[in-house]
Amino acid sequence: MLDVKTYNSPIKVTWCPGCGDYGILNAVKSALAQLEIHPHEVMFFSGIGCGSKLPDYMNANAFTTIHGRSLPIAMGTKLANHDLHVICITGDGDGYGIGGNHFISILRRNPDIVHIAENNMVYGLTKGQYAPTSEHGFVASTTPEGSIEIAFNPLATAINGGATFVARGFSGDPKHLAKLIMAAVQHRGYALVDVLQPCVIYNKINTYDYYRERVYKLEETAGYDPADRDAAWRKAHEWGEKIPIGILYQAAGVPTYEEQVSELRVGPVAKRQLAPLTGAQADALRRQFF
Amino acid sequence: MGGPTRARDTKAGTRAFIGGEQRGEGINDMTIRLAGEAGQGVESGGAGFASALSHGGLWLHTHTDYMSRIRGGLNFFQMRVSDRPLWAHTEGVHILLAFSPEAVTDYGPHLVEGGALLYDDSLKVDQAAVTRRKVQLYAVPLTKIAQEIGGEKIMANTCGLGALAGIIEYPFEFVADVIKKNFARKGDAVVGGNLKVAEAGYKVGRDQYAAKFDWKVSPLKDRPDRMQINGNQAIAVGAIAAGCRFMSGYPMTPASSILEFMAGHAKKYDIVVKQTEDEIAAICFAIGAGNAGARAMTATSGGGFSLMVEALGLAGMAEVPVVIVEAQRPGPSTGMPTKTEQGDLLFALFASQGEFPRIVLAPGTQEDCFHTTVRAFNLAEKWQCPVIVMTDFYLTTMTRLIPPAEFPIDRVTIDRGELLTAQQLDRLAEPYLRYKDTPSGISPRAMPGHAKAVHQTCSDEHDEYGHFEDEDRANRLKMAGKRWRKFQHIVDDLRGPTIYGPEGAGLTLMGWGSSYGAMREAVDILNARGTKTNLLHFVDIWPFPEAQAAPLIEAARQLVAVEGNQSGQFAHLVRAVTGRRADRMVLRWDGRPLSPEYIIEQLEEAKVHA
Ligand SMILES: Cc1ncc(C[n+]2csc(CCOP(=O)(O)OP(=O)(O)O)c2C)c(N)n1
Ligand code: SF4
Ligand SMILES: [Mg+2]
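For the protein sequence lines, the chains are Z and X, in the order given. The first sequence: position 233 = 233 (the numbering used here), numbered continuously. The second sequence: position 1 = 1 (the numbering used here), numbered continuously.
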């Protein structure tokens, strides 16, 4: 186990006191420390939002990208250098709203990427508009009469879309969350960890108390088997009095995207020594046009 | 000496020519157009005939015009053949092989006086479209011959190509060779049938019409191997030569064939190629790969580039090398998907919020496409910024025959700029600063993954470490200043315009990108007519190579901007930077490529004389 302080960044954290993102930051550090992944072996990708500042608060490689685009940028990096552990940190608006097309596309690809979604069911950084995951009727500055749309269900979408690892954590239980993140990092393939993250300023419905009264752990549920996709599908729709957390679904033995790219079998393309083609290669290329 | 020969003066109307010998004041080249519906084999037939000509040592220029549909419509494949290198197409067509009535109605007017329309005699054509213009009608029973001799109607195309060769008296053996090669896969019976049909067509063409048709093509003695290559292929070859390791893209005409070519060569040349969910993802994948240390590119047209704009700024802010090919087509919006225009220049120059260094290059020829792409990768890594390579539909699909030596694939320079090696990083004494403030503005780059170079890359304003610093005034001035210093120095690596034609000319044409060939031939024609004309052609556009360009522009006695757009975008740029206003503009925005005739006609209409 590494010292968690290894990952401390000199940057002052700017989240509101009590924000659920603190629990996620601690869980991420704890998971990496337990897995003994050094800061240079991992690269974080985030978009824009409160939660997307997380990588800045870490000592590790990171790329803070633009709103909604961390997944495709992370994919490009993974395909160029699959030696890196790649972890994407998105908000709910960031990952499921503006980045929605990338989300449903990555599910089908199964790259070895961990996706931690800080799901506060609201737009935090832009000061409290409703989000794709906001509950139906959520009153916010742009939905004064309550949102008309129903909430987006990321877990069901992920299971349906082909994700090979789908989990939900609660930032009020960072120890449990750290275990989920460790399992996600160890999973070979795309791993979604959707995190119930209270926003203490803009979401007065989905609060710490709201979740504490409702969440229960799937691993403590007798007979629950995360390999059972149908059971996972049912759990993904359970919301209200009881909210399951833990690993909903995990498929074993599905090859990752990068394992199936023939050019990557001999190692990352980013690490190739670049040199002009040989005379024979050049001739072969030219001859195609004769 | 062989080659295409025009042996009479059209105006005099005499018809004495001798095949293979140039006589009189002939135009020593000719243009052949095949036209018909999509699916009628216009392109494959044209390409086959073109290779028969190129195997005879002749020079070629080909281009296509097709409708945005898979079947039906009206398409053409045009080839210009000559005994000397060609730079442009011509508007005038000498022989039109028409496979549909619309081909005659629409393209008949493009036939020159004395030219010929060749078609199947069963086709009901609007003869008025051609006859009043002293065009000859050659109605040949192509289908009937195909049916009787080959047993298949489908061989009517082959018959037409045979007839074409007969009319211009090009030796049949070259046509036969192409037939043997192209149909080999389908077995001896198909090859034999097509050969018989082609020969029958050839005899009809030669025996009935050759004596009436004034242009002839004969093979040259010298028949070196030459590359027949279009702009997109030349870009892809350049990318492979430059060590591109990653390409992502989303299909959009006319850029798609770059992605397809790269995918087809991925395994052999060690490139990861990915079709993405949209163009936003396409540029993001490339940025992710580029930041990780792989040479990365994406290619699109204006619509896709519009989607890439936000991420373009990210590459500027985060200082990530990436090459973006913008193959223009006429806008706005979906515009004319299969036509050409140079309408996105100012958009490419200024797309995305804020100010950041970028490089914009616009190759004019296939050779330029190759070299410019290699340079684009070098410049992107040296200056750690996005490089945009601009082409257009015409350049992407147009082919010319080019000596292979023009593509020194194995002798390119690969300059990765200040990319720190693992050994250099091992020896690093101080903490690594990804965005170190340096005199050149270039911060030595480390690939993520080294223990001594853990670092952050950031789209928000950041400090030298790459951490957020999006409030502080002094830091803003420092980092924005660093990026701007790069922009100021990039120009030292860029090139001024190519000059073609005599010094001190009274008339100077000025253009950029794909119009090079048309302008160059216009310059030749004008000089031959006694109007002393030269040309300034720009490949390197942004940052504007002011030091090299301004004196040349200022020295121009009469400056004419030639562009494939409606407003003269490059002329605006030149005026903004140098203060010199173009005296005239020759613009084209009907979706068709600039040609020498178009340029000269427009000059004549405007009464521009040197
Ligand atoms: C293209 C673009 N549109 C809008 C914004 C403004 N913006 C920044 S963060 C954000 C939403 C944040 O919500 P979420 O992703 O849920 O993250 P949170 O702040 O809640 O953690 C928006 C709309 C932006 N930065 N970029
Ligand atoms: S606004 Fe909400 S999400 Fe953002 S930092 Fe504050 S509590 Fe956290
Ligand atoms: Mg949110």
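Note that these hints are calculated values from the structure, not bench results. Hints may be right or wrong, so weigh each one.
[Unchecked claim] One side only, chain Z facing chain X, incomplete, derived with CB under 8 Å: (1) N59; (2) N61; (3) T64; (4) T65; (5) L107; (6) P111; (7) G146; (8) I150; (9) A151; (10) I201; (11) I205; (12) T207; (13) R272; (14) P276; (15) L285.
Treat the numbers as computed from the prediction; the structure is a model and nothing was measured. Just so you know, even glycine gets a beta-carbon here, dropped at the ideal spot from N, CA and C.
Hints that the structure is at odds with (numbers, increasing): Hints 5, 6, 7, 8, 9, 10, 11 and 12 not satisfied by this model.
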